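*Asks:* As a plain string of letters, each chain reads:
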Amino acid sequence: MKCQYCEKPATFHITELTEPDGPQVMHLCEEHARGFLQKEATTPTASIAGALAKQLNLGQTKQELAELDQKECPVCGISFFEFRNTGRLGCPFDYTHFSEDLIPLLTNIHDSVVHIGKRPRRAAAADSHAELIQLRREMEEAVEREDYERASEIRDALHRIEEAGSTEQNASGEEE
Amino acid sequence: MIRDSDFDDLAHKSGEWLRGTGPESDIVISSRIRLARNLADFPFIRRCSDEDRISIERTIRAKMDSIDEWREVRYIDLEQLSEIDRQFLVERQLISREIADAEGSRAVAIDPREQYSVMINEEDHLRIQVMHSGLDLKSAWQSIDELDDKLEGAILYAFHPECGYLTACPTNVGTGLRVSVMLHLPALVITRQIDKVFRSMQRINVTVRGLYGEGSQYTGDFYQVSNQITLGHREQDLVALVGDDVVPRIIEYERKARDFLVKQGQQDLHDDVSRALGILSTAKKISSEETMHYLSKVRMGVNLGLIEDVPVGTINKLFIHTQPAHLQKLQGRLLGSSDRNVERATYLQCHLSGKLSDGELN
Numbered sequence: 001m002k003c004q005y006c007e008k009p010a011t012f013h014i015t016e017l018t019e020p021d022g023p024q025v026m027h028l029c030e031e032h033a034r035g036f037l038q039k040e041a042t043t044p045t046a047s048i049a050g051a052l053a054k055q056l057n058l059g060q061t062k063q064e065l066a067e068l069d070q071k072e073c074p075v076c077g078i079s080f081f082e083f084r085n086t087g088r089l090g091c092p093f094d095y096t097h098f099s100e101d102l103i104p105l106l107t108n109i110h111d112s113v114v115h116i117g118k119r120p121r122r123a124a125a126a127d128s129h130a131e132l133i134q135l136r137r138e139m140e141e142a143v144e145r146e147d148y149e150r151a152s153e154i155r156d157a158l159h160r161i162e163e164a165g166s167t168e169q170n171a172s173g174e175e176e
Numbered sequence: 001m002i003r004d005s006d007f008d009d010l011a012h013k014s015g016e017w018l019r020g021t022g023p024e025s026d027i028v029i030s031s032r033i034r035l036a037r038n039l040a041d042f043p044f045i046r047r048c049s050d051e052d053r054i055s056i057e058r059t060i061r062a063k064m065d066s067i068d069e070w071r072e073v074r075y076i077d078l079e080q081l082s083e084i085d086r087q088f089l090v091e092r093q094l095i096s097r098e099i100a101d102a103e104g105s106r107a108v109a110i111d112p113r114e115q116y117s118v119m120i121n122e123e124d125h126l127r128i129q130v131m132h133s134g135l136d137l138k139s140a141w142q143s144i145d146e147l148d149d150k151l152e153g154a155i156l157y158a159f160h161p162e163c164g165y166l167t168a169c170p171t172n173v174g175t176g177l178r179v180s181v182m183l184h185l186p187a188l189v190i191t192r193q194i195d196k197v198f199r200s201m202q203r204i205n206v207t208v209r210g211l212y213g214e215g216s217q218y219t220g221d222f223y224q225v226s227n228q229i230t231l232g233h234r235e236q237d238l239v240a241l242v243g244d245d246v247v248p249r250i251i252e253y254e255r256k257a258r259d260f261l262v263k264q265g266q267q268d269l270h271d272d273v274s275r276a277l278g279i280l281s282t283a284k285k286i287s288s289e290e291t292m293h294y295l296s297k298v299r300m301g302v303n304l305g306l307i308e309d310v311p312v313g314t315i316n317k318l319f320i321h322t323q324p325a326h327l328q329k330l331q332g333r334l335l336g337s338s339d340r341n342v343e344r345a346t347y348l349q350c351h352l353s354g355k356l357s358d359g360e361l362n
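These protein sequences, in sequence, are chains R and F. Each residue of the first sequence is one higher than the one before, counting from 1 in this note's numbering. Each residue of the second sequence is one higher than the one before, counting from 1 in this note's numbering.
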């Protein structure tokens, strides 16, 4: 039997069970079989693209999509369009800012949206990531213009946020 | 930590994970676990300014310096390194190709036994990895969990109560955990059953990819099995999925295929692996691909008892030490492709003709 894509003998006979129209048998030479199987063995980026494509097919109108694409994170400035193209987020706050838009995506990739594993002993509150990033930037700017008084004020503010987060984490840890 | 840019000594020895020890080491080369972590007060790498990257590198280095047990750990500034030295660390699996090819401030911390390394400013601010020889995921998880705790004591991680550890790519979010087991599966390749393995993996959220090949070409019959999902499961459960469920099944398939090959024609197989050893120990010039191809046969021959007197650890090392950057580091000079082929042949001859024992290779 010949490979269905070239003249070489078909040495791989693959039954694809996930086809919508029922099982499909493919007869492939080694080279085409490897190509096929490798495409199937999804890389992270490919699975993001796949998950996004799935998500975007789910009843969103063109207008809704265009609006979503323009949505930008106030902290790092990344747009949803840019995320969609690169598969990479811009900052920790994106998980809060794009939360609703990421939920279907996380469900597609992980079949879950809730972390149940390890937790750090110390962590900042989820909604404080924006403030942390902005304050640290301001602190560096203050140091640059030699305004050490302002820099130390910001440092104290940062510590307060970190400590608040720790207490919150510990409290939730005790409840479990 | 010791700040370092000269690691010529590494070229003459090899990491613990290559010893060919540990459970199932005839089939499993290594067990690797990595954790992706980010600092809470910086954007992810792609949105970082040059200053941000410098600042992240400094912050993490200072914290690492404060860990008492890390006095012997080597700290290598990758930005200052030559391309060949970065390539060397990639071949050695201590850094990723991505961080080697990146730009800007980035670094790696490596423990003296090469059992763990921490990359700074890869796709995430921190990529912690632990590598053990053979199928040894549980103790690898224990080690990396402890390492993570040590770093966490000094660094505020980006963590979300629902999403878990936050990562630049949503495919890593949650645990940030990637468990990877490197397997040598020559019999499944010869008996053309490897596609069955690929397919059964997809149904249980595990990724398989060929190793050491360039582009789509797999060489050396090495395959890496990793978990695909990182969110919604406990770390120990993901470790168990790969280590207790998936990998033992593949090992069983490979053993059956090896038994089949032996029963079907031991003489042919013996001939095939002996010829491979013959070529490797007598060739005067040999390419990297050809070396992988024959080393893979010899490795199987050693594990089936068809080749004696060559320790499997030696073969494991030769896979790494015959790669381009390693050969050039060993020679202490840059070599073109055809010079490398000659050098590679000499190196193989020297280590396979019985003149050197395994101990001397270290």
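Certain hints may be false.
FRET-style restraints, in silico, Cβ to Cβ [unchecked claim]:
| hint | chain 1 | residue 1 | chain 2 | residue 2 | range |
| --- | --- | --- | --- | --- | --- |
| 1 | R | Ile116 | F | Arg97 | 31 to 37 Å |
| 2 | F | Ser338 | R | Arg121 | 52 to 58 Å |
| 3 | R | Ile116 | F | Pro23 | 35 to 41 Å |
| 4 | F | Asp339 | R | Ser112 | 37 to 43 Å |
| 5 | R | Arg145 | F | Asp6 | 23 to 29 Å |
| 6 | F | Asp77 | R | Arg160 | 29 to 35 Å |
| 7 | R | Arg155 | F | His12 | 30 to 36 Å |
| 8 | F | His12 | R | Asp111 | 46 to 52 Å |
| 9 | R | Tyr5 | F | Ile2 | 42 to 48 Å |
| 10 | R | Arg160 | F | Arg97 | 39 to 45 Å |
| 11 | F | Ser338 | R | Asp101 | 26 to 32 Å |
| 12 | R | Asp111 | F | Asp77 | 17 to 23 Å |
| 13 | F | Glu103 | R | Ile116 | 34 to 40 Å |
| 14 | R | Glu163 | F | Pro23 | 41 to 47 Å |
No lab work stands behind these hints: they were computed from the structure. Model, not experiment: these values are computed from the prediction. Each residue gets a CB set at the ideal place from its N, CA and C atoms; glycine is no exception.
*Asks:* Look at each hint and say if it fits the structure.
*Replies:* Hints, one by one, checked against the model:
{"no.": "1", "hint": "R:Ile116 with F:Arg97: 31 to 37 Å", "verdict": "holds, 32 Å"}
{"no.": "2", "hint": "F:Ser338 with R:Arg121: 52 to 58 Å", "verdict": "holds, 56 Å"}
{"no.": "3", "hint": "R:Ile116 with F:Pro23: 35 to 41 Å", "verdict": "violated, 28 Å"}
{"no.": "4", "hint": "F:Asp339 with R:Ser112: 37 to 43 Å", "verdict": "violated, 53 Å"}
{"no.": "5", "hint": "R:Arg145 with F:Asp6: 23 to 29 Å", "verdict": "violated, 40 Å"}
{"no.": "6", "hint": "F:Asp77 with R:Arg160: 29 to 35 Å", "verdict": "holds, 34 Å"}
{"no.": "7", "hint": "R:Arg155 with F:His12: 30 to 36 Å", "verdict": "violated, 47 Å"}
{"no.": "8", "hint": "F:His12 with R:Asp111: 46 to 52 Å", "verdict": "holds, 47 Å"}
{"no.": "9", "hint": "R:Tyr5 with F:Ile2: 42 to 48 Å", "verdict": "violated, 55 Å"}
{"no.": "10", "hint": "R:Arg160 with F:Arg97: 39 to 45 Å", "verdict": "holds, 41 Å"}
{"no.": "11", "hint": "F:Ser338 with R:Asp101: 26 to 32 Å", "verdict": "violated, 54 Å"}
{"no.": "12", "hint": "R:Asp111 with F:Asp77: 17 to 23 Å", "verdict": "violated, 40 Å"}
{"no.": "13", "hint": "F:Glu103 with R:Ile116: 34 to 40 Å", "verdict": "holds, 37 Å"}
{"no.": "14", "hint": "R:Glu163 with F:Pro23: 41 to 47 Å", "verdict": "holds, 44 Å"}
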